[in-house]
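Asker: Work the whole structure out from these sequences, hints included.
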Amino acid sequence: QVQLVQSGAEVKRPGASVKVSCKASGYTFTGNYMHWVRQAPGQGLEWVGRISPSSGATNFAKKFQGRVTMTTDTAITTVYMELSSLTSDDTAVYFCAREETRRFFDYWGQGTLVTVSS
Amino acid sequence: DIQMTQSPSTLSASVGDRVTITCRASQSVSSWLAWYQQKPGKAPKLLIYKASTLHTGVPSRFSGSGSGTEFTLTITSLQPDDFATYYCQPYNTFSWTFGQGTKVEIK
Numbered sequence: 001q002v003q004l005v006q007s008g009a010e011v012k013r014p015g016a017s018v019k020v021s022c023k024a025s026g027y028t029f030t031g032n033y034m035h036w037v038r039q040a041p042g043q044g045l046e047w048v049g050r051i052s053p054s055s056g057a058t059n060f061a062k063k064f065q066g067r068v069t070m071t072t073d074t075a076i077t078t079v080y081m082e083l084s085s086l087t088s089d090d091t092a093v094y095f096c097a098r099e100e101t102r103r104f105f106d107y108w109g110q111g112t113l114v115t116v117s118s
Numbered sequence: 001d002i003q004m005t006q007s008p009s010t011l012s013a014s015v016g017d018r019v020t021i022t023c024r025a026s027q028s029v030s031s032w033l034a035w036y037q038q039k040p041g042k043a044p045k046l047l048i049y050k051a052s053t054l055h056t057g058v059p060s061r062f063s064g065s066g067s068g069t070e071f072t073l074t075i076t077s078l079q080p081d082d083f084a085t086y087y088c089q090p091y092n093t094f095s096w097t098f099g100q101g102t103k104v105e106i107k
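For the protein sequence lines, the chains are A and G, in the order given.
Numbering (the working numbering) for the first sequence: 1 to 118.
Numbering (the working numbering) for the second sequence: 1 to 107.
A portion of the hints provided could be inaccurate.
[Claimed, not checked] Label-pair ranges, simulated between beta-carbon atoms:
#	chain 1	residue 1	chain 2	residue 2	range
1	G	107	A	1	30 to 38 Å
2	G	65	A	56	24 to 32 Å
3	A	27	G	17	21 to 29 Å
4	A	27	G	95	22 to 30 Å
5	A	75	G	16	50 to 58 Å
6	A	118	G	59	41 to 49 Å
7	G	107	A	84	43 to 51 Å
8	G	16	A	56	47 to 55 Å
The set of hints was computed from the structure by calculation and includes no laboratory data.
Note that the structure is predicted; figures quoted are calculated from it, not measured.
Positions of the beta carbon are idealized from the N, C-alpha and C atoms, including for glycine.
Answerer: Structural data, given as structure tokens:
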């Protein structure tokens, strides 16, 4: 069965970077794009970007361009999202989500809380 | 980018009620629209894709309709497990923007 398991909660200072991981299992890792979506406390879902584990190609939401990096390690079927220059506005739960071949999101990770605080 | 507007933002309903949530797009997304359900502290779950196709395992009391710029999610006979927040999302471009969400509360 498809599973996406994310790394644990992080606490970061303003100006720092955070790297969150998402380990995939139960399907052919290189066959599907992986997305990252975040949710600030009490707010809605915000798309961050996506990466192709087979080619490394990425697409990012405009507001994150220049500040987000997504990478993959196919040997351990893991996707990473790194967000730099953190501010308190980046405090949120970050989810990875698999893009089904028809382009909607069919499986989600459990979420990783990133707290930015001085 | 395509903007998605959901209404209402909050909906109070009772078990057994019929509930309808509307999602409007700022430009046509054809039928490339998905609906997700999210409960507090949990990841979203896919309910419907291609505007009206139920995802595997989703109860038949959920249905979706619409095309172009206007879509609806309907829950016939609301069940206790359905109290949650619902999001629409187009997927026809390289920007997967979500609607702002509709919270379905117990009346």
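Asker: Confirm or reject each hint.
Answerer: Consistency of the hints with the structure:
1. G:107 with A:1: 30 to 38 Å: Once the Cβ atoms are compared, 37 Å apart, the range 30 to 38 Å for residue 1 of chain A and residue 107 of chain G holds.
2. G:65 with A:56: 24 to 32 Å: The hinted range 24 to 32 Å is violated for residue 65 of chain G and residue 56 of chain A, with Cβ atoms some 38 Å apart.
3. A:27 with G:17: 21 to 29 Å: Hint violated: Cβ distance 38 Å, outside 21 to 29 Å.
4. A:27 with G:95: 22 to 30 Å: The hint (22 to 30 Å, Cβ to Cβ) holds, given that residue 27 of chain A and residue 95 of chain G are roughly 25 Å apart.
5. A:75 with G:16: 50 to 58 Å: At roughly 52 Å between Cβ atoms, residue 16 of chain G and residue 75 of chain A fall inside 50 to 58 Å, so the hint holds.
6. A:118 with G:59: 41 to 49 Å: 46 Å, holds
7. G:107 with A:84: 43 to 51 Å: 45 Å, holds
8. G:16 with A:56: 47 to 55 Å: At 50 Å between Cβs, range holds.
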